[in-house]
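2 protein chains.
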Amino acid sequence: MSADKCALAILGFGNIGSGTAELMRSGRERINSNAGREVTLKYILDVKFPEDSAFKEYFTNDFSVIENDSDVKVVVETIGGCGVAYDFTKRALNAGKNVVTSNKELVAEHGHELLTIAKERNVNYLFEASVGGGIPIIRTLIQCLAANEITEVYGILNGTTNYILTKMSDDGVSYENALKEAQELGYAERDPSADVSGKDTCRKICILAALAFGKQFDPGKVSVRGIENMDGLTVPPGSKIKLIGRAGKTADGGISIYVAPHVIDKRNLLYTVDGVFNGIVVKGDAVGEVLFYGQGAGKMPTASAVVADVIDAVKHILTRKAIFWEDGSDTELAPPDALGDL
Amino acid sequence: MSADKCALAILGFGNIGSGTAELMRSGRERINSNAGREVTLKYILDVKFPEDSAFKEYFTNDFSVIENDSDVKVVVETIGGCGVAYDFTKRALNAGKNVVTSNKELVAEHGHELLTIAKERNVNYLFEASVGGGIPIIRTLIQCLAANEITEVYGILNGTTNYILTKMSDDGVSYENALKEAQELGYAERDPSADVSGKDTCRKICILAALAFGKQFDPGKVSVRGIENMDGLTVPPGSKIKLIGRAGKTADGGISIYVAPHVIDKRNLLYTVDGVFNGIVVKGDAVGEVLFYGQGAGKMPTASAVVADVIDAVKHILTRKAIFWEDGSDTELAPPDALGDL
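Residue numbers (my numbering), protein chains in the order written: chain A, 1 to 342; chain B, 1 to 342.
Chain A with its partners taken away, still in its complex shape:
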């Protein structure tokens, strides 16, 4: 292990930010050993801090302190959204720091721009935690399937809607009651619109499509149908409804990306993916179909994906991982039905 030290700053002390801080502390030895050097938590940035926090000593509300501290080699962004998170991410990358994020909105909307800055500054912008929580789907798409031409990626990418749909089909409760229960259990937010409208799934499938097909697709152009209104979908006995995000190559070489509820029967790999779990299927020309399954959200699973990226960033501090996609935001998408049945 090298004697070099390497400091970490966490932006945002919500669910995932605090989970990351806890995991950095509890898994310290293993993380240092895997990273090949000592990784020290130095700052946690938020607008307000819990008074009784065990991480009080790290708190700051001044990003410029982090930006100007050359000890800070890795910045974890768990603020979310495209506001300050966007600004801080650009500033951190421009200051030559690696950035690790769970922010799917920012990666889906501005991935190409941020990866371009990362490339220019020879640092990493990593986002394993942005899709599928603790499921290592981003790495898999990048590395493991490097030997395949990927033809299609699809899956259940949102745990909240999958919980609601599972409740409706297993217990026969109404959409409204299932949503209420999901809110009471903390699976759905008070304003559940990003989940139930399909917008969250749309961001995630756009990130997977960018990796699989090498360019950014504008989430605003994707055909999105959520689970708020499923009139007209009849469910044959033994089948289930699942909200699916899907991206694939069409027969004539185009790309189609869409989000819609699907009737899934027993033979489909996603049939048993219930509750808050996610399942993602990747189709490659050589490997065939591969499925990844796990908790798609939650504090610790998502924090473990963040920490895996931190380790990777530290390991690759001198040899940047070549993650990149082109600007394809002006690409016209093929219609959803161009992909045929699931």
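Keep in mind that the hints were calculated from the coordinates and are not lab data.
Among the clues, some could well be false.
Identical copies go unnamed one by one, so any copy, or any two together, can satisfy a pair.
Unchecked claim - In silico EDC-like links for lysine to aspartate or glutamate, alpha-carbon gap of 20 angstroms or less:
1. K249 - E332
2. K299 - E149
3. K42 - E67
4. K5 - E289
5. K283 - E22
6. K266 - D171
7. K299 - D69
8. K299 - D285
9. K283 - D171
10. K90 - D46
11. K299 - E289
12. K315 - E149
13. K283 - E113
14. K249 - E29
15. K215 - E29
16. K119 - D87
17. K321 - E67
With chain A's structure known, arrange chain B on it following the hints.
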């Protein structure tokens, strides 16, 4: 892309060796782009060659030619077993070449020794294709779960026995008839003993255990029960029998590894893993349970795992991937029942 060239030799021109050669040819551009430099197939070694092969120009039966050719940076070993494969692997590593293999027997029996030589020579010994065919389980255990303490790994690791068990439960045929059908379809070999005795599953679970727990375990010490004799196993309605390889930490800090048929009910993640498919569950302290599912064998899925390793070896030619495990072959294993129910 660098202008450096980098030659490849394939040892053994059976199913996986020929699949690798085909994929290196058909996926050439994508592979070179992912590897960051041109990777050229230069030799294919076997004892006899098919007369009409499209790869005739590469054939040799003299390993010393490969060993002494400094252009050869990566050697793919798909011979299998612990005979010449063992000798050639040591010689290739000692000659400073990266070695990529699908040989589970060799990795399970001599992994520690071969990884030690690789470490000393600063080259890679990679074996993604040795477990789970095209499922990227080895990478996942090494990299993606670096942030977790792994407590248990288990799964359906042998497609042949899973095909036989699925046939028996779905169609009610006898063990003998299901085996015969598997042989006719090419899923089972003429001598099926390594599969049906559980030996193949044992080698694979020993490799996963070595990665998860950091040391080599002697496959000969593992309690192994195959599917040849399942007397006494009663299957409640709606349940299925699956041959499971399992490795985990016991309550008092020991390690238990075993192979045995299990009665699996509907709630288990492995319930829907049928036919020749494999399913592997990893439990980590932060990530919870993650399942990986795909074709666990077959020419092209396994070849795609070999090629992914070739790309990785070329990318890491200057910065060796730190895969290593200690010699733990004298470790006493805890009994199977120390892990509790699945």
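For a quick check of understanding: which of the numbered hints are violated here, in increasing order? Violated hints: 4, 7, 9, 13, 17; rest satisfied.
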